[in-house]
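**Q** If you want the building blocks of each chain, they are given just below.
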Amino acid sequence: MKPKLQTFLFWIVLIGLMVFYFASNRRDSARIVPFGMLETQVQRGEVSSIEIAGSRIRFRSHGSWFEAHGEMTEQMLLELQDIGIEPKYGSSSSDSMFGDSGGIVTLAATAILVFAVLYFIFKMRAGAGGIDLIKLTKSRAQDVTGQNKITFADVGGCHEAKESLGDVIDFLKTPQRWIKLGIRLPRGILLEGPPGSGKTHLARAVAGETGAKFYVVAASEFVELFVGVGASRVRDMFETAAKNSPSIIFIDEIDAIGRRRGSGLGGSHDEREQTLNQLLVCMDGFQHDTRVVVIAATNRPAILDKALLRAGRFDRRIKMPALTNSDRADILKIHTSQKPLGPDVSIQTVAGWTDGMSGADLECLANEAALLAVRRARHESSEPVLRLQDFRDALKPREEQTRLFDQLDSVLIESTSQLSEPTGRAVIRLQLRDGSSVEGTVLWADAVFIKITRPDGSTLLVPKAQVLRLEAAAGTESVTRDQISEDRWSQGRADMA
Amino acid sequence: MDDDFLQRLMLFIPVLLSLTVHEWAHAYAAYKLGDDTAKLLGRLSLNPLVHMDPVGTFLLPLMGVPFGWAKPVPFNPLRLKGVSIRTGILIVAAAGPISNAVIAIASFATLKILLNQADVLGEGEVFLLMFVLQVNVGLCLFNLIPIPPLDGSKIVDGLIPDVARPAWERICQLGPILLMGLILAPLLLHFSPISWAIQHVIRLLPW
Numbered sequence: 001m002k003p004k005l006q007t008f009l010f011w012i013v014l015i016g017l018m019v020f021y022f023a024s025n026r027r028d029s030a031r032i033v034p035f036g037m038l039e040t041q042v043q044r045g046e047v048s049s050i051e052i053a054g055s056r057i058r059f060r061s062h063g064s065w066f067e068a069h070g071e072m073t074e075q076m077l078l079e080l081q082d083i084g085i086e087p088k089y090g091s092s093s094s095d096s097m098f099g100d101s102g103g104i105v106t107l108a109a110t111a112i113l114v115f116a117v118l119y120f121i122f123k124m125r126a127g128a129g130g131i132d133l134i135k136l137t138k139s140r141a142q143d144v145t146g147q148n149k150i151t152f153a154d155v156g157g158c159h160e161a162k163e164s165l166g167d168v169i170d171f172l173k174t175p176q177r178w179i180k181l182g183i184r185l186p187r188g189i190l191l192e193g194p195p196g197s198g199k200t201h202l203a204r205a206v207a208g209e210t211g212a213k214f215y216v217v218a219a220s221e222f223v224e225l226f227v228g229v230g231a232s233r234v235r236d237m238f239e240t241a242a243k244n245s246p247s248i249i250f251i252d253e254i255d256a257i258g259r260r261r262g263s264g265l266g267g268s269h270d271e272r273e274q275t276l277n278q279l280l281v282c283m284d285g286f287q288h289d290t291r292v293v294v295i296a297a298t299n300r301p302a303i304l305d306k307a308l309l310r311a312g313r314f315d316r317r318i319k320m321p322a323l324t325n326s327d328r329a330d331i332l333k334i335h336t337s338q339k340p341l342g343p344d345v346s347i348q349t350v351a352g353w354t355d356g357m358s359g360a361d362l363e364c365l366a367n368e369a370a371l372l373a374v375r376r377a378r379h380e381s382s383e384p385v386l387r388l389q390d391f392r393d394a395l396k397p398r399e400e401q402t403r404l405f406d407q408l409d410s411v412l413i414e415s416t417s418q419l420s421e422p423t424g425r426a427v428i429r430l431q432l433r434d435g436s437s438v439e440g441t442v443l444w445a446d447a448v449f450i451k452i453t454r455p456d457g458s459t460l461l462v463p464k465a466q467v468l469r470l471e472a473a474a475g476t477e478s479v480t481r482d483q484i485s486e487d488r489w490s491q492g493r494a495d496m497a
Numbered sequence: 498m499d500d501d502f503l504q505r506l507m508l509f510i511p512v513l514l515s516l517t518v519h520e521w522a523h524a525y526a527a528y529k530l531g532d533d534t535a536k537l538l539g540r541l542s543l544n545p546l547v548h549m550d551p552v553g554t555f556l557l558p559l560m561g562v563p564f565g566w567a568k569p570v571p572f573n574p575l576r577l578k579g580v581s582i583r584t585g586i587l588i589v590a591a592a593g594p595i596s597n598a599v600i601a602i603a604s605f606a607t608l609k610i611l612l613n614q615a616d617v618l619g620e621g622e623v624f625l626l627m628f629v630l631q632v633n634v635g636l637c638l639f640n641l642i643p644i645p646p647l648d649g650s651k652i653v654d655g656l657i658p659d660v661a662r663p664a665w666e667r668i669c670q671l672g673p674i675l676l677m678g679l680i681l682a683p684l685l686l687h688f689s690p691i692s693w694a695i696q697h698v699i700r701l702l703p704w
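Which chain is which? The protein sequence lines are L and R, in order.
If you're matching positions, the first sequence starts at 1 in my numbering and goes up one per residue.
If you're matching positions, the second sequence starts at 498 in my numbering and goes up one per residue.
Just to be clear, a hint being listed does not mean it is correct.
Unchecked claim - Not the full set, but computed from the structure, chain R residues with beta-carbon under 7 angstroms of chain L:
hint: 1; residue: 557
hint: 2; residue: 621
hint: 3; residue: 680
To be verified - Which bits of chain R does chain L cover? Going by a derived footprint, with three or more residues having C-beta under 8 angstroms, they are:
hint: 4; region: 572–580
hint: 5; region: 624–634
If you are wondering where the hints come from, they were derived from the structure by calculation, not from laboratory data.
Just so it is clear, CB atoms sit at the ideal spot from N, CA and C, and this is done for glycine as well.
Whole structure, please, built from the sequences with the hints as guidance.
**A** Below is the structure:
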């Protein structure tokens, strides 16, 4: 049903109900009439008798009694006099606009009214761009249970970390066993590791393994313009988590609030400390059988507050290890499991090329390779299959860049060392990325620029990143026409398309 | 459920209708002048649920407190087309009280026809129409009071000459206190300026 029609029907029903109620012979409901009615009656001279008790007025008109509430005005009394009716005055015991009720009710009504007016004004303010205080103190932690559910099988490498977390999982699954033995269970786990090493991924896998509720929050989300908000958000988060236990709270980048206290200049970081204190208290305050585990991640464990790391809080610290060859192979296997691999692809080989890369880098590599495969398949109009060459090409922008700089530097270092020799200077010819070319003798070169003297005597500073091709014409031992690359520099960028 | 409460519930229907129409009129005026903020928020609707405020629209009137409100319709004066911002604010603010005045006039006309036709005093219809008249005159007058955040203050905003503006703005800061005084006056003084005004306006109508 259309909303417009719905609204229309709604009003039809309501108005119908109302008219029916008043029009159906319910005369007694109409015994009380609006004060305006009394006024018109008085004006028309149709009132035959009237009794006034405070603001409650009974009057007789057309043979029946009616009642109205209001204050008689001078003019009305004069009009009554005109038609020769003397009002009878009764006691005004119930002199209140809330009908016949005693003082207590009036008092209560006053209180309600005061409250209502305050509420009204507050609302009006909030409506005009104010802030909803109720919402502000709610934790921003998101319940991501069941979204992209992953398990340990989806986490390559990190065997030690997985083992340590195994206890936690067992605890969340079968707490009785642990409680029976009187073992205090780990409440907090701190994952430490460089960016991209899979801390979040691992925490997610823990939730996936246990089937526990998983709340994700970034520590910076506790910080707000207003003092006290952070602490109340922490409380709110822990309350929610305890209510829905077993659950895991994952606090990302905890160094945002967990920084060592007292490090702020002149105590200017009160609010953050308050938030941290609340977090500490909340972690202590758990009942022993509350199945809530806090996992925090940071890549700067050194700056964390000591109280945060003491036993009973984040007492278990898990370092994300550097990836070994086989770890990387595992991770690549996971990331390529959905992708069609050609027969020539050996994950071991690719893993061998990627020394020093993190999990995130590997994921990116697999994705990039797949992207190249799809692009190639589009050219050849065939089914996309990842070949070993795709992985090599995906790695290339990085490799190529390194190689090129090395080469450039080797020539330049050679030539600058020649500068001290009286025999000659290095003459180079640079072709720049904008198509122009420059020629001259090298004055000096550093990591970013090359300074050359042109044949006409002027000097020129050339950024290395602008160099497309370098020819050493004279003065170096490697006077080779070294073609560096056909537009290899831009490969990385062009591939983004 | 006793009769008293049932009657109150029934009388609540015209109150709800009047409040809804009032808010809708603001939204409609803003929309006609080019600002679709209210429309995008779903407020350009006669559905009372989108305008209601749980306390102001339901709790208080049903408890018998003679005071209530609906959620204010948000409105962006910068999006108005064809009129200056001041005039725009004035028109949008005036639309609410005007809508109540229209309802009041309509119910007065019906009432007059009824009263002239037969002796219907004490009949339910008359009672109902009288009530609708009072409610709408009341809403119209109350909202025309030039105290922020009531509509009247915005109308004054649009009309006031620049010379008087600083003084006016100083008065505006006292708005909530003045408003509270006005609303609490009947309890403290046993005199309600608003019902007094309603009575007098109704008396002035050509019965």
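**Q** For every hint, state whether the structure bears it out.
**A** Now the hints, each set against the structure:
Here the hint on residue 557(R) is kept, as its CB sits about 5 angstroms from the closest CB of chain L, short of 7 angstroms. Using the Cβ-Cβ criterion of 7 angstroms, the hint placing residue 621(R) at the interface with chain L is satisfied: the shortest such distance is roughly 3 angstroms. Against a cut-off of 7 angstroms between C-beta atoms, the interface hint on residue 680(R) holds, since the closest Cβ of chain L lies about 5 angstroms away. Counting residues of the region 572–580 of chain R whose C-beta sits closer than 8 angstroms to any C-beta of chain L gives 0, which falls short of three, so the coverage hint is violated.
With 6 residues having a beta carbon nearer than 8 angstroms to a beta carbon of chain L, the region 624–634 of chain R meets the requirement of three or more and the stated coverage holds.
Checked against the numbered hints listed earlier, the structure breaks hint 4 alone; every other hint is satisfied.
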